[in-house]
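Counting with our numbering, you get residues 19 to 526 for the letters of the sequence shown.
Treat the hints with caution; some may be incorrect.
Using C-beta positions, here's what the derived DEER-type ranges look like [what the hints assert, rightly or not]:
#1 274 <-> 411: 30 to 40 Å
#2 296 <-> 474: 20 to 30 Å
#3 92 <-> 279: 14 to 24 Å
#4 411 <-> 227: 24 to 34 Å
#5 432 <-> 484: 21 to 31 Å
#6 239 <-> 368: 43 to 53 Å
#7 114 <-> 239: 50 to 60 Å
#8 397 <-> 491: 32 to 42 Å
#9 188 <-> 359: 54 to 64 Å
#10 360 <-> 189: 50 to 60 Å
#11 397 <-> 431: 47 to 57 Å
#12 452 <-> 137: 37 to 47 Å
Below 16 Å or equal to it, Euclidean Cα-Cα: the simulated EDC-like pairs (lysine to aspartate or glutamate) are [said to hold, decoys possible]:
#13 508 <-> 498
#14 192 <-> 182
#15 249 <-> 287
#16 249 <-> 222
#17 508 <-> 484
FYI, nobody ran anything at the bench for these hints, they're computed from the structure.
Since the model is a prediction, treat every value here as computed from it, not as a measurement.
Backbone N, C-alpha and C define an ideal beta-carbon position, used for all residues, glycine too.
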Amino acid sequence: MQFTYSPSHINLLDYNRRMSTRRLVIAITFVALFAMAARVSMQNDTWYQLTSARWMVEHRQLLDVDLFSYTRYGQEWDYVQVNWLGQLLMYPFYVVGGAGGLNVFVALVVVLAYAILYPAIPGGAFLRAFALVLTATVAAVFWPARTNIFSFLFFAIHLRILEDWRWGRADRLKLLPLAQAVWANTHSASFAGIALAGLYGLAELLGWLWAGRGRYGKPWLTVGLRGNVGKFLLLGLALIVATCLTPLGPRTLLHPFDTIVVNFQYLTEEWQSLSPASWVFGPYMAVVALLLLGAALARGRLPLSHLLPLAFWGWQSALALRHVPFFALVALPALARLWWPPAQALAARVGFKPLVTEPDNLPPRLARLNIVLLALVSLAAAAKVALVLPEDVNAAALRTTAPYGAVDVMRARRLPGNLFNSFNFGGYLTWALPEMPVFADSRTDLFGDEVLDKLLILLHVADGWEDLMARWEINTVLVEPHWPLVAALKQQGWQVLYEDDVSILLTR
19 MQFTYSPSHI
29 NLLDYNRRMS
39 TRRLVIAITF
49 VALFAMAARV
59 SMQNDTWYQL
69 TSARWMVEHR
79 QLLDVDLFSY
89 TRYGQEWDYV
99 QVNWLGQLLM
109 YPFYVVGGAG
119 GLNVFVALVV
129 VLAYAILYPA
139 IPGGAFLRAF
149 ALVLTATVAA
159 VFWPARTNIF
169 SFLFFAIHLR
179 ILEDWRWGRA
189 DRLKLLPLAQ
199 AVWANTHSAS
209 FAGIALAGLY
219 GLAELLGWLW
229 AGRGRYGKPW
239 LTVGLRGNVG
249 KFLLLGLALI
259 VATCLTPLGP
269 RTLLHPFDTI
279 VVNFQYLTEE
289 WQSLSPASWV
299 FGPYMAVVAL
309 LLLGAALARG
319 RLPLSHLLPL
329 AFWGWQSALA
339 LRHVPFFALV
349 ALPALARLWW
359 PPAQALAARV
369 GFKPLVTEPD
379 NLPPRLARLN
389 IVLLALVSLA
399 AAAKVALVLP
409 EDVNAAALRT
419 TAPYGAVDVM
429 RARRLPGNLF
439 NSFNFGGYLT
449 WALPEMPVFA
459 DSRTDLFGDE
469 VLDKLLILLH
479 VADGWEDLMA
489 RWEINTVLVE
499 PHWPLVAALK
509 QQGWQVLYED
519 DVSILLTR
């Protein structure tokens with residue numbers, strides 16, 4: 019077949035007309051979102067996740083035991099068996115682009131999550147953009163370069179499927195078990211997917227019970243079991259089975275409790291309760307206030323499918339900051355749905371038609387202006403993203419939390435005995451100095467209170483600390499300079515090999 023050129027094949031004028039104000043708002047929203055999510059995103063946990071991914075790539079097999087510490091060496095490590103896929107997906111971005119590559123990876127996953135969820139947000143472009151940016155500001159508290167970011171993505175996927183079903187747009191519930199199986203192999207918080215679907219199922223159950231009051235009996239029961247209630251019972255069973263499709267098998271369902279029962283876990287930042295001291299507290303309370311005001315304007319007519327997830331994840335996020343992103347995601351469609359009627363009424367009163375509707379075609383002059391505006395915003399976003407790509411920029415930020423200088427000294431010298439390290443340094447040491455196993459790191463599910471309590475005893479020089487030093491044959495110590503252990507070791511004549519504002523390295 020011969021191709022014949024015609025001006026109708028490339029019509030720039032038609033393209034310009036397609037850039038309506040509505041589409042401009044959507045495009046700017048996602049460009050801004052990408053720029054917002056592109057930041058220095060590596061944390062302590064990132065390092066050991068990269069370490070395990072490196073080992074799996076080099077050995078071409080899944081890792082299922084601890085090889086990075088001497089206190090738990092050879093012990094079965096459940097976490098990696100339900101995070102292996104997430105770690106392997108992250109690893110190439112670090113290999114190719116270093117820390118900057120991981121920053122881009124996180125931004126891409128965040129944008130993908132919101133792009134999937136966006137069609138489930140009711141309202142016009144301006145209201146959707148406002149609700150998305152506000153709730154994203156809340157969710158951004160936990161967008162790390164860790165496998166946790168996959169839970170953010172798959173939670174958004176689950177929410178989109180459930181919202182489409184709830185409002186009659188599409189029935190894709192059969193896709194949930196598939197998404198759940200992939201989620202279960204990328205991050206251990208996949209239980210959140212079962213919880214979210216369960217809340218939508220609970221809304222159907224309560225609605226069925228309320229509708230059948232006074233008419234309970236076999237016909238009523240048959241209608242429920244053959245209808246949505248029965249559908250969600252089968253869906254819940256399918257999600258549970260899908261969650262077990264990991265190298266860990268059925269124990270995947272119990273793995274989240276391995277972390278919850280560790281007392282030390284609640285000393286870490288992500289497990290702290292929401293408080294006015296949290297930087298996310300202001301945006302979080304703004305979302306809550308708008309939800310309450312919107313519910314008041316709607317005279318309490320908030321569907322159970324919104325109310326139950328909001329109540330549950332609001333409660334969970336108040337208990338632990340790591341659940342705040344889940345609350346932010348369920349708040350997004352609820353917030354837009356509550357405020358869409360008042361927004362329409364306001365737009366009609368002030369005559370602001372773009373808030374409600376707008377034809378896709380604009381006069382060429384306005385369409386070209388929109389394209390110019392989008393280009394300028396994109397250039398500004400690209401400039402912001404470029405700031406977090408250079409390796410020296412990321413290294414400068416990471417040096418404030420990781421013992422870069424001390425590790426350089428440790429590489430150059432053969433230090434005696436076992437190493438005792440602080441909790442925050444363990445992850446970096448597994449990556450940067452794999453030949454020297456750590457005492458502990460942030461894998462709280464692996465070490466448990468049995469090891470982590472001893473870590474606190476040593477750091478605080480509590481009763482029995484010298485016996486622990488002898489028991490573990492510790493002759494090298496790398497901790498933050500402020501710990502009481504440092505002063506105690508100096509009094510005993512330990513030699514300081516390196517010291518800066520971040521870390522101090524001592525040996526006998």
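Tested hints:
1. Between residue 274 and residue 411 the beta carbon distance is about 35 Å. The supplied range of 30 to 40 Å therefore holds.
2. A hinted range of 20 to 30 Å for the beta carbons of residue 296 and residue 474 is consistent with their spacing of about 24 Å.
3. Taking 14 to 24 Å as the suggested C-beta distance range, the pair residue 92 and residue 279 conforms, at roughly 22 Å.
4. Checked against the given bound of 24 to 34 Å, the beta carbons of residue 411 and residue 227, roughly 57 Å apart, lie outside it.
5. Between residue 432 and residue 484, the C-beta spacing of about 25 Å keeps the proposed range 21 to 31 Å intact.
6. A hinted range of 43 to 53 Å holds for the C-beta pair residue 239 and residue 368, which are about 52 Å apart.
7. Distance hint check for residue 114 and residue 239: the Cβ-Cβ separation is about 57 Å, which falls inside the suggested range of 50 to 60 Å.
8. Look at residue 397 against residue 491: about 58 Å separates their beta carbons, and that is not inside 32 to 42 Å.
9. Range check, residue 188 to residue 359: about 24 Å between beta-carbon atoms, so the 54 to 64 Å window is missed.
10. Distance hint check: the CB atoms of residue 360 and residue 189 are about 30 Å apart, inconsistent with the given range 50 to 60 Å.
11. About 48 Å separates the C-beta atoms of residue 397 and residue 431, a value consistent with the hinted range of 47 to 57 Å.
12. At roughly 45 Å, the beta-carbon separation of residue 452 and residue 137 lies within the given 37 to 47 Å, and the hint holds.
13. For the hint linking residue 508 to residue 498, the alpha-carbon distance of about 14 Å falls within 16 Å, and the restraint holds.
14. With a C-alpha separation of about 13 Å, the suggested pairing of residue 192 with residue 182 holds against the 16 Å cut-off.
15. For a cut-off of 16 Å, the pair hint linking residue 249 to residue 287 is broken: about 39 Å separates their Cα positions.
16. At most 16 Å may separate the alpha-carbon atoms for a hinted pair to count; residue 249 and residue 222 meet this at roughly 10 Å.
17. A hinted pair counts as satisfied when its Cα atoms are at most 16 Å apart, and residue 508 with residue 484 qualifies at roughly 14 Å.
Violated hints for the displayed structure, listed by number in ascending order: 4, 8, 9, 10, 15.
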